[in-house]
Amino acid sequence: MYVYDQVDRNLVAERVEQYRDQVRRFLAGELTEDEFRPLRLQNGLYIQRFAPMLRVAIPYGLLSAAQLRMLAHIARHYDRGYGHFSTRQNIQYNWPRLEDSPDILADLASVEMHAIQTSGNCVRNITSDELAGIAPDEIVDPRPLCEILRQWSTFHPEFSFLPRKFKIAVNGSVEDRSATAFHDIGLYVRRAPNGELGLRVLVGGGMGRTPIVGVVIREFLPWQHMMSYVECILRVYNRYGRRDNIYKARIKILVKALGPEEFARQVEEEWTLVKNGPGTLTEEELKRVSAYFPAPDYRPRPEDEGELTRRIAESRGFARWAGRAVRPHRIPGYRAVVLSLKKTGVAPGDATAEQMDQVADWSERFGFGEIRVSHEQNLILPDVRAGDLFALWEEARQAGLATPNLGLLTDIIACPGGDFCSLANAKSIPIAEAIQRRFDDLDYLHDIGELNLNISGCMNSCGHHHAGHIGILGVDKDGEEWYQVSIGGADGSDAGHGRSAIGKVIGPSFKAEDMPDVVSRLVEIYLEKREAGEHFVDTVERLGIALFKAGVYGTPARTKKGPIERVVTDA
Amino acid sequence: MPEIIRGGSVVADDWQILRPAPAISMAEIEIPAGRVVVPLALWLERHTGLIARGDVGVWLAGADDPSSIAPWLQQLPVVAVDFPKFTDGRGYSVAYLLRSRFGYRGELRAIGDVLPDQLFFMRRVGFDAFAVRPDKDIRQALHSLQPFSDAYQGSWDNAVPAFRRHVRAWPVPHGN
Chain A
16 MYVYDQVDRN LVAERVEQYR DQVRRFLAGE LTEDEFRPLR LQNGLYIQRF
66 APMLRVAIPY GLLSAAQLRM LAHIARHYDR GYGHFSTRQN IQYNWPRLED
116 SPDILADLAS VEMHAIQTSG NCVRNITSDE LAGIAPDEIV DPRPLCEILR
166 QWSTFHPEFS FLPRKFKIAV NGSVEDRSAT AFHDIGLYVR RAPNGELGLR
216 VLVGGGMGRT PIVGVVIREF LPWQHMMSYV ECILRVYNRY GRRDNIYKAR
266 IKILVKALGP EEFARQVEEE WTLVKNGPGT LTEEELKRVS AYFPAPDYRP
316 RPEDEGELTR RIAESRGFAR WAGRAVRPHR IPGYRAVVLS LKKTGVAPGD
366 ATAEQMDQVA DWSERFGFGE IRVSHEQNLI LPDVRAGDLF ALWEEARQAG
416 LATPNLGLLT DIIACPGGDF CSLANAKSIP IAEAIQRRFD DLDYLHDIGE
466 LNLNISGCMN SCGHHHAGHI GILGVDKDGE EWYQVSIGGA DGSDAGHGRS
516 AIGKVIGPSF KAEDMPDVVS RLVEIYLEKR EAGEHFVDTV ERLGIALFKA
566 GVYGTPARTK KGPIERVVTD A
Chain B
29 MPEIIRGGSV VADDWQILRP APAISMAEIE IPAGRVVVPL ALWLERHTGL
79 IARGDVGVWL AGADDPSSIA PWLQQLPVVA VDFPKFTDGR GYSVAYLLRS
129 RFGYRGELRA IGDVLPDQLF FMRRVGFDAF AVRPDKDIRQ ALHSLQPFSD
179 AYQGSWDNAV PAFRRHVRAW PVPHGN
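Top to bottom, those sequences are chains A and B.
Heads up: take any position in the first sequence, counting from 1, add 15, and you land on the working numbering.
Heads up: take any position in the second sequence, counting from 1, add 28, and you land on the working numbering.
With the rest of the complex left out, here is chain B (with noise of 0.2 Å):
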C-alpha cells in the first residue's frame, strides 16, 4: 500500500486519487468504490449523490478557487491540493486560504509533484498530510518538515510573526 506523512510520521495510505483524463466529461466518469479524491469540477457537478459516501474527498488544481469547495468543507473527510510541478507555487497560496479564510479544519493533503525540500513551506501554509513522489525516499523525507527552529513572519502554522512571539533583542548601547 502507497505510503504518506500523516502527523509527522509515515502511515499507510488508502485513498486513492482520481485523476480524469482531460476531454472526458464529468458526468461520464465512473467514480471507485471506497476512498477516493476526485477533482473539483467532478465534485461541483455530482457532489448531491457523493456527500453522503463519507468516503469521497476532493482535490484542487493551483487555478482552482477555494472559495468554489467552501459550502461543504466542513463535511469533507479530505482536502487535497496538487502541485503539477514542484516549481508551481499556487498551491501554497489555495492551501493557506482553505485554512485561514475558509475554516477548513480537517486533513489538507499535498499531492502532485511533492518533494521533501517542499515540506517546510508546505507544513507552514496549512498542509498536514504529503504524498511524497514515490521515487523519493519518505522517511529521509521527515526530517525536511522542520529544517528551522523558528519563523520570521506568520502563515498558517502560526499566524503571530517573530516580533510578537519574542522578546527580539535591542541594540546593545555603544561605548567603550
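Chain A with its partners taken away, still in its complex shape (with noise of 0.2 Å):
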C-alpha cells in the first residue's frame, strides 16, 4: 500500500501541529464556535449528541495491519473500547474528549493517518472498490489514482470552503462495489479498445434530502486530465452553487437546475482553458505512484483448493460461511474473506479494540499484512490462501467475526443514528438488531438470499437507506419515532444486477415495534411471487411496489405480534 514520503510526513505533521493551535486558541476563547466549527470539521471532530465524534480517513478502505492496530490503540486509550466504520470507508470514534484530539491526530499521524477533510465543506475521503487489486473481475487497480486524488484534493486551496460537503468514489471493475452513481463525483476507470486508460465520469449523484444516481458527463476521460477535470467541475459547482440553502447546495442541484448538458457544456468550457496544464498527471507519478500497490508474493499451495472442497463437504457451518463471506481472489488458490461486524446485538459496523486487534494478527498470520474496510461496513482480509479458510473461520467465530450473513437481509447497513447522532429524527441500530433478531433462522435468512437492507436515521442518508432493496429512514412526527420503508433502491452492485437506482416509498411510516413486521411481510411476498434466481430487488422491479405496499397495508401485519407464520416456497 501507499507509503508516506517526506512530503506527506510534513504535510500531516503540520496539520496535527496546526490543528492543536486551533484547538488550544478555541479553549482559551479566541476563536468563537463558529469560527471554530468548521476548523474542527475539516480534522473530522463532530460535537454530537453526547460527546464529541473523531472521524478518521481509512483512505479508500486500505488499512495495514500497523494501522489497524493504532486504530483499536485510540478505542482503547481514547474511547470506549470500540469504534464504527461507516459507509464512506471512515472509522468513527464516539466518545473522545475535544482535549485529547489533538493527540489522536499526532497517534494516527505515527501510523500515516490522518482526519483531514473527514467532514465539513470540502472534498471528502475518496472512497473505492474494497476488493480492488485482487477482484478477478478488475478492469484496471483504482488504488493509484484514488491516492493521487487523495494528495491532490488534500488543502486544495480553492475548494475547502464549497457550498457543502463533496464525495468521489472511483470504480474499476465491472462490479462497481463502490456505488459510484451516488457520489457527487463517480469516476469509472476504464480502458478505450486501443488501451488507453481513462474515466468515465459522472457526476451529481448523492442520497440525502434529494436522492439522485449520478449522470455521465463525459464517456471516456484520459486518465492525465483526471485533475484538472475534477477541478474545472469543482470550480463550476464553487461558482454556481447555492449557498443560500443548506438542502439545495450539494452540486447534484446545480446539475439538476442546469440540465446535466449545460453543467457539462460549462465543465467542458473551462477544461478548454485549463487542461495540459502544469497539473497534468505524467506517466512518471502514476508509475510512481502505482509501485506502492505491487501484488503480494503470492505463493498459492496446489493442495488447497483439495482441502477446502473437503473442509466444505465436511462442516456444514463452514460451508455456509464460506458460500456468503468467501469472495474470488483473481489469483487461483487465495480467495478474499469478509469479516461480517453485522452480528446480532451489535450496531452494524462496529468493532472492539480487541477484535481490531486480532483482525490485524489474522492480517498477518492469513496474508501480506493488509485489511480492507467496505462500504457495507465490514472489514475484509483480502489475500487468504484457500486452506487457511477453515483455520481462520474457526477463529473469527470465536471472535464474533464469522456472522454467515454477507449479502444478506442481516448484513444491515446503519448509521449510528439517535443514539449516538445529533442530526438523527431516530434510532437506527435498535431497528436493526429487532430485524436480525426476527431473521434468526439461517435457512430462512439464506433462502431468501440476496437483500441490502439500509436504515438511515436521519435524511442525510449515512445509511444509504435510498440505494437499499429495503431502505429504512427515520422520521420524526410530533416528536416520536417513526420509520419510512422504501423499496426496489440498488447501490449498482451484481445484488442488484448492476442497477442504481432510488427505493420508492411504500407509504405512510410505521412505528419502532411494527419494523420487524413490515420487513417480514415485504420478504414474504417476495417469496410467493419470485420467480427463479430473482433477487428481492428483481421481483419489485418486475411487478412494481403496488403489490408489496398492498401486501403491507392490507394484511393486519401493523398489528401482528409474536412470530410470522413462515411461507413456504419450493423455489
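Just so you know, these hints were derived from the structure itself, not from any lab.
Have a look at the derived ranges for each label pair, beta carbon to beta carbon:
{"id": "1", "chain 1": "A", "residue 1": "559", "chain 2": "B", "residue 2": "192", "range": "52 to 60 Å"}
{"id": "2", "chain 1": "B", "residue 1": "76", "chain 2": "A", "residue 2": "262", "range": "42 to 50 Å"}
{"id": "3", "chain 1": "A", "residue 1": "39", "chain 2": "B", "residue 2": "73", "range": "42 to 50 Å"}
{"id": "4", "chain 1": "A", "residue 1": "39", "chain 2": "B", "residue 2": "192", "range": "34 to 42 Å"}
{"id": "5", "chain 1": "B", "residue 1": "76", "chain 2": "A", "residue 2": "44", "range": "46 to 54 Å"}
{"id": "6", "chain 1": "B", "residue 1": "200", "chain 2": "A", "residue 2": "125", "range": "13 to 21 Å"}
{"id": "7", "chain 1": "A", "residue 1": "18", "chain 2": "B", "residue 2": "73", "range": "55 to 63 Å"}
Idealized CB from N, CA, C, for every residue including glycine.
Put the complex together from the two separate chains, hints included.
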C-alpha cells in the first residue's frame, strides 16, 4: 500500500500542529464556536449528542496491520473500547474528548493516517472498491488514481469552502462495489479499445433529501487529465452552487437546475482553458504511485483447493459461512474473506479494540498484513489462502466476526442513528437489531438470498437507505420516532444486477415495534412471487411496488404480534 | 489608521472600502476623495469618470464574474474580493481566475469576513493583501500565512504540483 514520503509526512505533521493551535485558541476563547466549527470539522471532529465524534479517514478503504492496531489503541486509550466503521470507509469514535483530539491525530500521523477533510464542506475521503487489486472482474486497479486524488484534494486552496460536502468514488471493476453513481463525482476507471487508460465521469449523484443517480458527463477522459477535469467540475460548482439553502447546496441540485448537458458544457468550456497545464498527471507519477500497489508475493499451494473442498463437504457451518463470506480472488488458491461486523446485538459496523487487534493479527498470519473496509461496513482480509480458510473461520467465530450473513438481509447497513448522532430523527441500531432477531433462522435467511437492507436515522442518508433493496428512514412525527420504508433501491452492485436506483416509498411510516413485521411481510410477498434466480430487488422491479404496498398495508401486519408464519416455497 | 497584512507584514492602510446600501442607485452614490475601493457594479457604470483618478480600486463579490473587470485590470491600483461570510468560498475561485486567467498582477486584497485560518488558502489562490477582521489579532494572524511547508497541488502561488517539483520517493523494494 501507499507509504508516505517526506512530503506526505511533513504535511500531516504540520496539520496536527496547526490543529493543536486551533484547539488551544478555541479553548482560550480566541475562536468562537462558529469560527472553530469548520476548522474542527475539516479535522474530523463533530460535536454529537453526548460527546464529540472523531471521524478518521481510511483512504479508499485500505489499512495495514499497524494502522488497524493503532485504531484499536485509540479506541482503548481515548474512547470506550470500540469504533464504528462507516459507509464511507471511515472509522468513527463516539466518545473522545475535544482536548485529546490533537493527541489522537498525532497518534494517527505516526502510522500515516489522519482525519483530514473527513467532514466539512470540502472534498471528503476518496472511496473505492474494497476488492481493488484482487477482484477477478477488475479492469484497472483504481488505488493509484485514488491516492493521487487524495493528495490533490488535500488542503486544496480553492475548494476548502465549497457550498457543501463533496464525495468522490472511484471504481475500476465490472461490478460497481463503491455505490459510485451515488457520489458527487463518480469515476469508473476503464480502458479504451486501444488499451488507453481513462475515466468515465459521472456527476451529481447523491442520497440525502434529494436522492439522485449521477449522470455521465464524459464517457472517456484520458487519465492524464483526471485532476484538471475534477478541478473544473469543482470550480463550476464552487462558483455557481447554491449557498442560500443548505438543503439545495449539493452539486446534484446545480446539475439538475442547469441540466446535465449545460453543466457538462460549462465544465468542458472551463477545461479547454486549463487542460494540459502543469496539473496534468505524468506517466512518471502514475508509475511511481502504482509501484506502491504491487501484487504481493503470492505462493499458492496446489493442495489448498482440495483442502477447501474437503472442509466444505465436512462442515455445514463452514460451508454456509464460506458460501457468503468468501469472495473469489484473481489468484487461484487465494480468496478474499469478509469479516461480518453485523452480528445480532452489535451495532452494524462496530468493532471492539480486541476485534481490531485480532483482525490485524490474522491479516499477518493469513495474508500480507493488509485489511480493507467496505462501504457495507465490514472488514475484509484480501489475501487468504484457500487452505487457511477453515482455520480462519474457527478463530473468526470465536471473535464474533463470522456471522454467515454477507449480502443477506441481516448484513444491515446502518448509521449510528439517534443513539449517538445529533442530526438523527430516530434510532437506527435498535431497529437493525430487532430485524436481525426476527431473521435469526439461518436457513430462512439463506433462502431469502441477496437482500440489501439499509437504515438511516435521518434524511442525511448515512445509512444509504435510498440504495437499499429495502430502505428504512427514521422520521420525526410530532416528537415521536417513525420509520418510512422504501423498496427497489440498488447501489450498482451485482446484488441488484448492476442497477443504480433510488428506492420508492411504499406508504405512510411505521412505529419502531412494527418494523420487523413490515420487513417480514415484504419478504413473504417476495418469496410467494419470486421467479427462479430472482433477488428481492428483481421481483420488486418486475412487479412494481403496488403489490408489496397492498401486502403490507392491507394485512394486519401493523398490529400482528408474535412469530410470523413462514412461507414455504419450493424455489 | 486601520492595518492590513501586505507583503507578509502588518502595514497601515488608507484604502477605504465603499459599501453602498443595496437599494441605492449607482449614479447617486457619492464617491469620496482619496483612496477608495468601489463595488464592481459602480465601476462598470462610472469607470470613465473614475479611471483617471488613479486612486480608485474595485471590489468583487463572490457572485461577480471576474471577466467583467478584465478590460481595466492593468490600470487598477487595487482589486479586492469580498467574503461576506468566511464559509463562503466563491472568492477563492474569483481570485484564482483574476490571477491565472485574466492576468491581474497588482494588489489583490481579501476583504470582509477574513479570519486568520483562511490566510493560507487565500495566499495560495493569489491574494497578497489581507484585511483581517478587526476583532482578530492581525499580528498573530501572520503565523497563519504559511502553516505548511509544501502543497500537493498547484495553485496561483505555484502552479506546479508537488509531483513535478520534487523527486518524490519510490517504494523501497521488499525483501528480507
